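Working from the sequences, and respecting the hints, build out all of it.
So the chains spell out like this:
There are 2 protein chains.
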Amino acid sequence: MSKAATPDHPIHDVLSSRWSPYGFSDRPVSEHDLCCLFEAARWAASSFNEQPWRFLVATKDDPKEFARMLSCLSDANQEWAKRAPVLILSVASTKFSRNDKPNGSAWHDVGLASASLTFEATARGLSAHWMAGIHRDKIRSEYELPGDFEPVTGIAIGYAEAIEDVPEPFRKRDSGTRTRRSIDEFVFIGDFGESAPFTKG
Amino acid sequence: MSKAATPDHPIHDVLSSRWSPYGFSDRPVSEHDLCCLFEAARWAASSFNEQPWRFLVATKDDPKEFARMLSCLSDANQEWAKRAPVLILSVASTKFSRNDKPNGSAWHDVGLASASLTFEATARGLSAHWMAGIHRDKIRSEYELPGDFEPVTGIAIGYAEAIEDVPEPFRKRDSGTRTRRSIDEFVFIGDFGESAPFTKG
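As you go down the protein sequences, you meet chains A and B in turn.
The first sequence begins at 115 in this note's numbering and counts up one residue at a time.
The second sequence begins at 115 in this note's numbering and counts up one residue at a time.
These are computed hints drawn from the structure, not numbers from a lab.
Just so you know, these numbers come straight off a predicted model, no measurement behind them.
Where hints are given, some of them may not hold.
A pair holds if it fits inside one copy or across any two, identical chains being indistinguishable in the list.
Claimed, not checked - Under the rule of at most 25 Å between Cα atoms (straight-line distance), these lysine-lysine pairs were calculated in the BS3-like manner:
| hint | residue 1 | residue 2 |
| --- | --- | --- |
| 1 | K178 | K314 |
| 2 | K196 | K286 |
| 3 | K174 | K314 |
| 4 | K174 | K215 |
In structure tokens:
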């Protein structure tokens, strides 16, 4: 199953082939692949090279830890994420380690690292699906996060399921058309809201 | 000039070859390439497909707009970013358009889109350098950002300068060794802070 983007301008295959499936097959993800995914995250950029990203991981190989992490997702996300072989919770360190001051870029930089992780996943034939719907207070207590750390997102990782094997209502979602604003709607020159002329070329 | 990562585990070339130079050559970036960079950002994932990213752009072709954006960067960043042919300010829409509720994932999702933009840039032989040091209040007033939008980062885009042409003190920075925590320091299983066994393979 794949669902490539339909770009107006050419973009790299790894970017156009990335999408967020609801249906995951039961094929496990190798430990080698997991290492490479986190290695990709490792080399992301960050403000003052703080590397504010942390990742909690649970795989189906460890049913107890998997159930524990699954329970930290919203009910709606549990319904489909329970079929993914790997769950991840991204966590942000919200203070700079060098001076204990707030790091306003922490969430952004966790996004950069998570995106790198997902590029590497896509390049390996894997898929990732982010989840904003997570129980933040529960994660904080369940994993005893220190006060300077904040849960950011959940990420399900695995191999996308063949569409005919995806159960409803998720098959319908995975079959849906991918939509995005065109670039002239979010790229501006001069005034905020004024489309950059080159976007209309 | 290139400065590839030295990964412990294999990662995609586009990821390992990405780095953040201080030295940019005066070679301009084509409008076609700019379109492709923003097209890459366009297809990023976001919570509820909100696509909370906006980008203000200024190129050296328009000296007035370039100077205006440059003045929105911290003094330290202006020193080197003034040599880049393209400057970008990323902006987050902090409320969901469908219901006006706060979007807690906005900064994270701007990070996802910016990472895609940078991945595409790297694949095209370009480099990007994020800047957390920006004058947020000035950006808000200069570009008359509506209240629900927040400046996130600056991004300088261009071709990395040959190291012998990079002026000091930036040549020293561009020659420095790239360092990162190893993955066992940020990938945990079970308890927060407990290295995932597979990271020690």
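Which constraints among the numbered hints does this structure fail? Numbers only, ascending. 4
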